[in-house]
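Residue numbers (this note's numbering), protein chains in the order written: chain A, -1 to 113; chain B, 2 to 117.
If you're looking for bench data, these hints aren't it; they were derived computationally from the structure.
Some hints here could point you the wrong way.
Computed list of lysine-lysine pairs in DSBU-like fashion (alpha-carbon distance at most 35 Å, straight line) [said to hold, decoys possible]:
1) LYS71/B x LYS36/A
2) LYS79/B x LYS51/A
3) LYS56/B x LYS39/A
4) LYS97/B x LYS38/A
5) LYS71/B x LYS20/A
6) LYS39/A x LYS74/B
7) LYS34/A x LYS104/B
8) LYS74/B x LYS36/A
Remember, it's a predicted structure, so these values are computed and weren't measured experimentally.
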Amino acid sequence: DTEVTQTPKHLVMGMTNKKSLKCEQHMGHRAMYWYKQKAKKPPELMFVYSYEKLSINESVPSRFSPECPNSSLLNLHLHALQPEDSALYLCASSQDPLGVADTQYFGPGTRLTVL
Amino acid sequence: AQTVTQSQPEMSVQEAETVTLSCTYDTSESDYYLFWYKQPPSRQMILVIRQEAYKQQNATENRFSVNFQKAAKSFSLKISDSQLGDAAMYFCAYRKVDFGNEKLTFGTGTRLTIIP
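The shape of chain A in the complex, shown without the other chains (with noise of 0.2 Å):
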């Protein structure tokens, strides 16, 4: 099995507004990742944590914030977002970050459109 899972499909929010998105696996993966991708893009990675510890993190701006709680969960909390951060954000988990060989499986995305 080799499901990933995000909540919610769709999200609408204005600029002012504060909400998460979720990213769920029960694979014993140990890698969670975040992705963005505009429209007929390919995915850009955001953040990678490692082990529940932030080992990338791509030069998000701040207003994206990235919380991996254990190791099965992941989230980015969104606030004051731009029109422009209107995107398709994909999770993605892998088995094992410090080795050599490390494929990543993505779940189907949130669709987010900032107002």
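Mind docking chain B on chain A? Use the hints.
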């Protein structure tokens, strides 16, 4: 820095026919991994196939196979007996072999249409 190039923004194929999607990459590394991911209109990125650069044998997964040419830095995906469910955006991706390096470098994608 590594780059991945997919030169075909769109491709189409008749149902039951065979189609090949191309991917080239640039790296100075000798050991790395290559992936093909599929993203249907449902949006979920699905792993199609994976190739280890140290393996000379081309990877296959049912109707999907790759032609890996390491010297030419080419990694094409062949889909045999195309089905309507194969319609999707296909992304080629590269990951270098490095403990703790979790970054995938994606190509720009090829949109595949299946003609009934």
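Each hint tested on the structure:
Proximity of LYS71/B to LYS36/A is assessed by CA-CA distance (about 31 Å); at most 35 Å being required, the pair is judged to hold. As the CA atoms of LYS79/B and LYS51/A are separated by approximately 39 Å, the hinted pair breaks the 35 Å bound. Distance check on the hinted pair: LYS56/B and LYS39/A sit about 30 Å apart at the alpha-carbon level, within 35 Å; holds. Restraint check for LYS97/B and LYS38/A: satisfied, since their Cα atoms lie roughly 25 Å apart, inside the 35 Å limit.
Using a Cα cut-off of 35 Å, the hinted pair LYS71/B and LYS20/A is violated, with the two alpha carbons roughly 39 Å apart. Between the alpha carbons of LYS39/A and LYS74/B the distance comes to roughly 22 Å, so the proposed pair stays at or under 35 Å and holds. Distance hint between LYS34/A and LYS104/B is fulfilled; the C-alpha atoms sit about 14 Å from each other, no more than 35 Å. With a C-alpha separation of about 27 Å, the suggested pairing of LYS74/B with LYS36/A holds against the 35 Å cut-off.
The structure fails hints 2 and 5 (numbered hints given earlier, in ascending order).
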